[in-house]
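Between the sequences and the hints, there should be enough to build the whole structure, so can you do that?
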Amino acid sequence: MTLRVTLRGDVCGGLRSLAWESLPNGSVRDCVPDSQRWLEERVNGMLSVAGLTRRFGDHLALDDVSFDVVPGRMTGFVGANGAGKTTTMRIILGVLAATAGEVSWNGSPLTAAVRRDFGYMPEERGLYPKMKILDQLVFFGRLHGLDERRAAERTDKILSRLGLSERAGDVLETLSLGNQQRVQIAAALVHEPIALVLDEPFSGLDPLAVDAMVDLLRDEVTPEVPVLFSSHQLELVERLCDDLVVLARGKVVAAGPVAELAAGPSTTYRLVVDGDAGWLRDVRGITVRDVAGATALFDVAERGREQQILAEAMSRGQVLEFGPERVALSDVFREATR
Amino acid sequence: MTDETLRHPWQLVAHREISTKIRDKTFLGSTAVMLMLVVAAVIIPALLSGHSGPDKIAVLNDAGAKIVQTADQIKGGDSFEVTRASDQAAAERLVSDGDAKAALVPGDNGYVVVGDQQLDDGIQNALREAVVNLGMEQNAGKAGLSPEQLRAGTAVQERLLNPGPLPDIVADFVNIGLALVFYMTALGFGMMIAQSVVQEKESRVVEILAAAIPIRALLWGKVIGNTVLALSQIVLIAAASLIGLLATGQADILKVVAPVAGWFVVFFVLGFVALAGLWAVAGSLATRQEDLGSTTLPGQMILMIPFFFSVFAGSSAKTIASFVPIASSMAMPGRMLTEHVPLWQPLLAILILLVATAGIVRLAARVYERTLLKTGRRLGYREAIALEAT
Chain D
1 MTLRVTLRGD VCGGLRSLAW ESLPNGSVRD CVPDSQRWLE ERVNGMLSVA
51 GLTRRFGDHL ALDDVSFDVV PGRMTGFVGA NGAGKTTTMR IILGVLAATA
101 GEVSWNGSPL TAAVRRDFGY MPEERGLYPK MKILDQLVFF GRLHGLDERR
151 AAERTDKILS RLGLSERAGD VLETLSLGNQ QRVQIAAALV HEPIALVLDE
201 PFSGLDPLAV DAMVDLLRDE VTPEVPVLFS SHQLELVERL CDDLVVLARG
251 KVVAAGPVAE LAAGPSTTYR LVVDGDAGWL RDVRGITVRD VAGATALFDV
301 AERGREQQIL AEAMSRGQVL EFGPERVALS DVFREATR
Chain U
1001 MTDETLRHPW QLVAHREIST KIRDKTFLGS TAVMLMLVVA AVIIPALLSG
1051 HSGPDKIAVL NDAGAKIVQT ADQIKGGDSF EVTRASDQAA AERLVSDGDA
1101 KAALVPGDNG YVVVGDQQLD DGIQNALREA VVNLGMEQNA GKAGLSPEQL
1151 RAGTAVQERL LNPGPLPDIV ADFVNIGLAL VFYMTALGFG MMIAQSVVQE
1201 KESRVVEILA AAIPIRALLW GKVIGNTVLA LSQIVLIAAA SLIGLLATGQ
1251 ADILKVVAPV AGWFVVFFVL GFVALAGLWA VAGSLATRQE DLGSTTLPGQ
1301 MILMIPFFFS VFAGSSAKTI ASFVPIASSM AMPGRMLTEH VPLWQPLLAI
1351 LILLVATAGI VRLAARVYER TLLKTGRRLG YREAIALEAT
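As you go down the protein sequences, you meet chains D and U in turn.
The opening residue of the first sequence carries number 1 in our numbering; numbering runs sequentially from there.
The opening residue of the second sequence carries number 1001 in our numbering; numbering runs sequentially from there.
It is possible that some hints are incorrect.
[To be verified] Chain D side only, calculated, beta carbon under 7 angstroms to chain U, not exhaustive: (1) Arg116; (2) Pro122; (3) Leu127; (4) Tyr128; (5) Pro129; (6) His144.
No wet-lab data here; the hints were simulated from the structure.
A virtual CB, placed ideally from N, CA and C, is assigned to each residue, including glycine.
Dropping the structure here:
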């Protein structure tokens, strides 16, 4: 007897070892290539946009936007209001058409079938207000292609993870806004998405709720899933994201790993002494940015000069603080979008 | 991934439409009220017209009883029943107490039919005819004629040049009933479709839906889900009126209505689907519930004008209406009830309706796709049709 099994989320090796254990006289004759292809199509996908352009009448909302969302990395998407973040995300999700350009998944144009496995949290939140949250999450799970049993399992799991199991039978609109927000993110995660696009997922949340949401994302999103999320909260982006894409007036003005964008080769130093730091103004080879009493901020023209300044300061009295000044992401942002 | 719903996501949408509705108390309540109204409409006229058994006629003696029995035969049987009374006063008491519909008592040169407040024409005529028949037979015997000789050459038969399938009043009643069922169902479910669409827009859930499945699948799910609900409601109404008709002994009407029922379903489904597309567009043009009043106005007109036309218009106007799409859903089944319609006519009307429905649904899908995600402000029909793809 030959059985044909189509699997989701499993690989042929796993199937063979399973057969070894449970079917002493059987063997896996063939690992169905369909499921293998299906799997390859989805796992470890790189989400890319290339040359994305969108016009609304005369207004150019997106102008040749290109970037990658790398699997296993969280990509922060920042930009001022109206920079085109939401437009980009809606084009990725197929809700809006691009005037030009392409969204691709692993190098091929993104199809509706693959996109159905994406998770999406739109900027304007919304679920069915009068539907029970259990029914609602099962519905969204099924809409994204889960079968009935799996959708119910996942809903159970995610609701208990959110501490909302007792409210499963309640109508959404009876929940507090914070809990509604949790259900919203659950709706984006219920089908174990292969990629996540979150538009301002943390807006309107208090710091505790943000932490809870971040934990949920870490637990529920498998490491190889590419995540793109937009935010205004730069310190949050800095804390959570691996990569950053900065958008200004429809154009990408900076993109790359957060660490590289933020740290850079800093030439600015900060010095705090026990007396007055005013003497720094007379030192050559540096540019003093600011002196306020015992604290000073200065740039060095060449590397090594800062060590001489430190020695000088120590000879004059106690040095309380000394070190390179890290560039805050907000400065990168401000610089890039100026 | 062999799940059927994956290839046909509209099934999920239809399923959600149906399961949400059948748990909705307002919907259940209005369905119950509608069923009660239908049952009442079927039963009450029957009760009022006294079709609940033979009428009792009080008589004093065997001669009276024989007249009542003859009258019963004239009426086709099961119409009158004899109740004996000892004297005239007792007979009158039976009538005034409501125990007998009328009393037949001897009077000067014949009989007197005694009623309470008024006398039913049917009773009076039947009794009069019976008295005349019996009396004349007796008189004929005295004159040496047999009853046959007496009646020779007096038979009057009835021949209709265009016999209608139903008596006029009943036919009109059923005609209005069918048109009303279509009108009420299409309007009620139409508003529900429009509301369901605008709810998704208002709550912004539409963005997630549109990202997960094609917008057309969303439209089809809604249209099909609500069509199934509407048809089920009609089946319920049909069952309720069937029970009502059987319970009140009006099963005769069914013989005439049954052959038209199949046609009605075809006209209903096609007309309903076309309208459902329009109602979904009415919902997608609005951004809030309050906008529905104006965006559903064309839909209400498209429904209301043909309704009054098919109910109150003259015969030739009705004939034209029975070929006009959507109007035909109300007019053609009614015409088939009240007159003899050649087979090609309903077939042609269905063909025209089919083409129109396909066209309307295509246009509706196009407009729906382009307006569903526009949440900024309410759009007009002309503006929406001119919109380009997003």
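Now for the hints, and whether the structure bears them out:
no. : hint   : verdict
1   : Arg116 : holds (6 angstroms)
2   : Pro122 : holds (4 angstroms)
3   : Leu127 : holds (5 angstroms)
4   : Tyr128 : holds (6 angstroms)
5   : Pro129 : holds (6 angstroms)
6   : His144 : holds (5 angstroms)
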